[in-house]
Each structure stands twice: as structure tokens, then as C-alpha cells.
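There are 2 protein chains.
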Amino acid sequence: MKRIYLNEVATRDGFQIEPTFVPTDTKVALVDALSECGYAKIEVTSFTSPKAIPMLRDADEVMGRIRRVPGVEYTVLVPNKRGAERALEAKADELNLVMSVSETHNRANLRMSMADSFAALGDVIKLVDGRTPINISLSCAFGCPMEGDVPQQHVLDWAQRFCDIGVRGFTICDTTGMAHPVQVSRMVEALQGSVLKHRPELQLALHFHNTRGMGLANVLAGVQGGITRFDGSLGGLGGCPYAPGASGNISSEDAIHMLDAMGYDTGIDLDKLLGVARQMPDIVGHEVPGQVAKAGRITDLHPAPPETTPA
Amino acid sequence: MKRIYLNEVATRDGFQIEPTFVPTDTKVALVDALSECGYAKIEVTSFTSPKAIPMLRDADEVMGRIRRVPGVEYTVLVPNKRGAERALEAKADELNLVMSVSETHNRANLRMSMADSFAALGDVIKLVDGRTPINISLSCAFGCPMEGDVPQQHVLDWAQRFCDIGVRGFTICDTTGMAHPVQVSRMVEALQGSVLKHRPELQLALHFHNTRGMGLANVLAGVQGGITRFDGSLGGLGGCPYAPGASGNISSEDAIHMLDAMGYDTGIDLDKLLGVARQMPDIVGHEVPGQVAKAGRITDLHPAPPETTPA
Numbered sequence: 001m002k003r004i005y006l007n008e009v010a011t012r013d014g015f016q017i018e019p020t021f022v023p024t025d026t027k028v029a030l031v032d033a034l035s036e037c038g039y040a041k042i043e044v045t046s047f048t049s050p051k052a053i054p055m056l057r058d059a060d061e062v063m064g065r066i067r068r069v070p071g072v073e074y075t076v077l078v079p080n081k082r083g084a085e086r087a088l089e090a091k092a093d094e095l096n097l098v099m100s101v102s103e104t105h106n107r108a109n110l111r112m113s114m115a116d117s118f119a120a121l122g123d124v125i126k127l128v129d130g131r132t133p134i135n136i137s138l139s140c141a142f143g144c145p146m147e148g149d150v151p152q153q154h155v156l157d158w159a160q161r162f163c164d165i166g167v168r169g170f171t172i173c174d175t176t177g178m179a180h181p182v183q184v185s186r187m188v189e190a191l192q193g194s195v196l197k198h199r200p201e202l203q204l205a206l207h208f209h210n211t212r213g214m215g216l217a218n219v220l221a222g223v224q225g226g227i228t229r230f231d232g233s234l235g236g237l238g239g240c241p242y243a244p245g246a247s248g249n250i251s252s253e254d255a256i257h258m259l260d261a262m263g264y265d266t267g268i269d270l271d272k273l274l275g276v277a278r279q280m281p282d283i284v285g286h287e288v289p290g291q292v293a294k295a296g297r298i299t300d301l302h303p304a305p306p307e308t309t310p311a
Numbered sequence: 001m002k003r004i005y006l007n008e009v010a011t012r013d014g015f016q017i018e019p020t021f022v023p024t025d026t027k028v029a030l031v032d033a034l035s036e037c038g039y040a041k042i043e044v045t046s047f048t049s050p051k052a053i054p055m056l057r058d059a060d061e062v063m064g065r066i067r068r069v070p071g072v073e074y075t076v077l078v079p080n081k082r083g084a085e086r087a088l089e090a091k092a093d094e095l096n097l098v099m100s101v102s103e104t105h106n107r108a109n110l111r112m113s114m115a116d117s118f119a120a121l122g123d124v125i126k127l128v129d130g131r132t133p134i135n136i137s138l139s140c141a142f143g144c145p146m147e148g149d150v151p152q153q154h155v156l157d158w159a160q161r162f163c164d165i166g167v168r169g170f171t172i173c174d175t176t177g178m179a180h181p182v183q184v185s186r187m188v189e190a191l192q193g194s195v196l197k198h199r200p201e202l203q204l205a206l207h208f209h210n211t212r213g214m215g216l217a218n219v220l221a222g223v224q225g226g227i228t229r230f231d232g233s234l235g236g237l238g239g240c241p242y243a244p245g246a247s248g249n250i251s252s253e254d255a256i257h258m259l260d261a262m263g264y265d266t267g268i269d270l271d272k273l274l275g276v277a278r279q280m281p282d283i284v285g286h287e288v289p290g291q292v293a294k295a296g297r298i299t300d301l302h303p304a305p306p307e308t309t310p311a
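The listed protein sequences derive, respectively, from chains X and S. Quick note on numbering: the UniProt record's numbering labels position 303 of the first sequence as 303, and the sequence is numbered without any gaps. Quick note on numbering: the UniProt record's numbering labels position 91 of the second sequence as 91, and the sequence is numbered without any gaps.
Everything labelled a hint here was simulated from the structure, so no lab data went into it. Please note that the accuracy of each hint is not assured.
No distinction is drawn between identical chains; accordingly, a pair holds when it is met within one copy or between any pair of copies.
Stated by the list, open to error - Dumping the calculated SDA-like pairs for lysine to any residue here, alpha-carbon to alpha-carbon at most 25 Å:
id, residue 1, residue 2
1, Lys272, Arg67
2, Lys294, Glu18
3, Lys294, Pro281
4, Lys294, Ile17
5, Lys272, Pro244
6, Lys2, Thr26
7, Lys126, Tyr5
8, Lys294, Ala108
9, Lys294, Arg131
10, Lys51, Pro306
11, Lys2, Gln224
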């Protein structure tokens, strides 16, 4: 059984766009519950300015109060040096940096050019100076909702530049659900043939959204290509302002349920995870897109109607 | 570009479980709109007893009033000889028979044993006597919500028995969304190595539900295995009484959008289809699960916010 490593991003990527503040106690309890499910990594929160993302204004308190389970890495999003200092102070196990590989999306999302982002994130890496592993998440790697196609070579080049300045791993993000399986297969093959070729120890993760229903098909293309690390968001929380009404991130439990059925070792206690997933509608105050929490596992059987018993 | 053939089942498999009767005029207009989209086949309705499926009590009238577009096959579900007579009278291009490969599900769904179903459907095939092509849909081929696992050999055996008595094609149905991609790959390979080996002209189609989010991943596994025929339901209409709140059939437009992006020739005018898909919530009076109708195609771009323009 091949091992797959799951990174849960609901409390960061999911919560950050929720309209209603999730109380700190609830966040801590949720991360603690997730810690018991077998994740390799949990992206707990974001050390961004509280003005930029008010939903995550309690980042320091959440990181201080969660119960750390050995074997689980607690990562945090860090946009700049100030965030990195807070993350180091909070003893995060990893810092996750973000840059979009689309100039227009980077300016829309981070209010600066890609060149400025790269310089600023280089400063963060220098500041951290090897004390904590760093991951770079490359947004819009499969297309930009404003620019359209993003050339694959462009993604490879940016991944290489970050790997050259000292990240431990990188996440190729389909930020707005534009990737399709053939594109995923080509991207994975190209990364394996370039950036990863002489640095196989680099951690490569894929981050998909289900905006157009292709999320789990893209996960399938990823595992078929040999990828072992995936981001997911419990309940399918998260999303994209350009697709109102559509699904957000892939649902962790749906992806894990599929990988589990396919015979992969996800390390996850799926029944426990579904128990947590079923709390999500109450936590965020609305329905969530995840399907398995509603439908049950494929192994959950139902009683036959009495009249169908053979006479 | 490899050709993929799409069979639209929304007006039969979708409508049959809707709580509110869709007016005959609306059904006819919908089928006529679908006929302009490039489908290979449309499953228009079901010649079942009006008492069993009141939603489709206007089957004869719908079949009589739709505009036939050359190149599109108009198929109908037929449960018995009475239905077959009505279908022949209505000049259907194909009769679609249904049997579950799970004894318990067949009894629950069709109120008879599989042996009785096979005998009754054999009588239908004799009655039709080659005048119209016949398809057999094998339900629960990837698992039964009551019995659980259905052995693959069992599915192969039933497919073989129906092929031996004169069907033109067969549809392997994941009736309640229990299939996963590895299972689909194995099933396809096994069918190609047995039933289809000496009868390559037999039409093999796959019918998936998205109950647990795996629908398009299963389509991907299918096309990777060389399958060229798929059922889909506009908007993702349809479903399963055992999974309240979960998705139904795979959404035709989401599946076609993915196949189109991957470079397959689906024969479908996707923009026209999305126009029809966007009418579905009004037609059935509730939201539908299809994603692309909400999110737009991956090629639909959005304007950049003005402040992101480089100074």
C-alpha cells in the first residue's frame, strides 16, 4: 500500500473567506480533533494582518492553545517578515509562503508584483535562516481567472527559483479550479523531469479546488503520476470569489475516502474524520459541499425494505 | 482527437425521482433543446406504468411531440412487454432494459428476482425481434447499498448472458455512487478481456453517480481504459434514496467540460449545453449539483480589479 500524506487546510484556507468569525475555542477544538485523525500536516492559521483577514485575527492564540500531536506538522501561512517572526515565536513546524504565478492574480491578491513578492519572500527565507522548514505555495499554477492560461514552463521556473533559495517543498495550487487531469499529468511529469530530478528530497504537494467538479479527477491524475502529498479542506470549505455558488477546495474527507477505497494508505482514521466533517455545517453556519459526510462511506450498508425478502 | 459519445438521461433518470411533475410542454422543449447540443443519444422517458412513476406518465405524448434530429438516437426505458409495445409504437430508436445485478436491489427496485427479470426481459427481446436495437443497463454493478460488494465476475456473467440473447449494447451502472477509479479500471479491463473480446461491436457505456464525489474521477478512469460512451444527467439531476442531500448522477455538462478540456471530441456544443443546463433549477424548482453552470468554463475569464493594474 503506497503511503499518501494529507495536509488539512480548512482552518486556514477555508475559514479565511467565511463571512462569520469562528470563535477561537471552536478553532482550537477543531484543530485538536483533526490532530487525532492521522493527518501528516495541518495548516492551522495565517500570520497575516488582522485587518487583511479578520477571520484569522486570533492566529497567535490558536497556535498557542492547540495540543500538538507527535507526527503531525503544524504549518502556518506567512506573508512577510512580520508574519515569519510571529510564526517562529509560535513555534510553527513549517512556514507556508504564497505567491501567484500569474502577475495579475498576484497583484489582485497580494497587492504587489511577482518580482516584489519574490524579493519579500526571499527576505523571509533569509530571516528564518533554516530554523524552520519552508514551503512555497504557487497559486494559479494551472491557470488564472483573469489572465487565462499560465505556461507550464513559467510554473517550473518559479518552482526552481524558490527551490534554489532554500524551500523544503512546494505546493502547486489550482487556486480557482481550472486544472484538468491531462494538464495535471503533464505538470507532474514536467516537475519530476526538471525541479525534482536532481532534488528528489523536495516535497511536492498538489492543491486542488473542485470549482468545476474536477477536483477528485485531478487527485487521481496526481496519484497516477506518483504524487504522494495533497492539500484538502474539511467539508470542501474554501472557494473562489470568481465562482459564486460553486464548490471550493476539494473536500478532504471525499478525497481521502476515494484514496482509501483505491487501496492507498492515507494514515487517516476515516470514521473519526467523518465525525469531525459532520460538525462543519454547525461550525460555519451553512451547508458545505463535501459528499461523503452526507452519503456515508461506500461500505456503509442500508437495510433492505422488508417486502423485498424472498418469500 | 478521440471521439466520446454522450447519452443524456436527465429527462428519464433525473425526472423520475423529482417530487413535482414537470409539464409535458417543458419536457418536450427540453428534449428539443438537448437535441441541438450534439448528443449521440437521449434517454427521453420511460414506458413504465404511470402508477409506478407518475412523473413520466406522459411518456407517449412526449415521444410523439419531440422533434427528431438526425444523428441523435432517442432511447426509452422499457420494463416489460407492455412497455416494449408502447416504445415500438412510439418509434423509439432504442429500448433500454434494466436489471440489477444485486438480488436484493432488484427485488427492492423491480419487485422480482433476478431470474424472473432475466426471463421477462428475454421475452421483451423476443417480442422486439430485431426491429429496434436493445440496450441492457445493469444496475448496482459496482456495489449494492444493501448487499455491499458485487463480485466483478457476477457482472461479467450477466453482461454475457444478455449479449447472448441479442442486445446491441450494455451499460454498466454505478447506481448509488459506490464505484472508485481502481474498480472502474479493473471492470473495464475485465469486460474488454471477456464479453467484448470476440464481440468488439457491442456498445459498452458507463453510468456513474457522484454520490460520494468520485463521479468524474470514474469517468477519467473509464476514458483511460478506452471507454467511449458515458451516461450523464444535465445539472446532475437524479440520485439515490439512500443518500439524502448527496449528489445524484454525474452532471453531463461537468463531465463534458472536463472531457472537452482534456482534448476529447465530445461532439457537444458546450456553450449551448450550458445555456440549457442553466434552465434546470427553474425547470425542477430547486438548485442542482452541476458546477460548471455556476462557475463557468475554465476559459471564461474575469476582469482584473482596477487597482491591480501596474502603475
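Tell me, in ascending order, the numbers of any earlier hints that this structure violates. 6, 7 and 9
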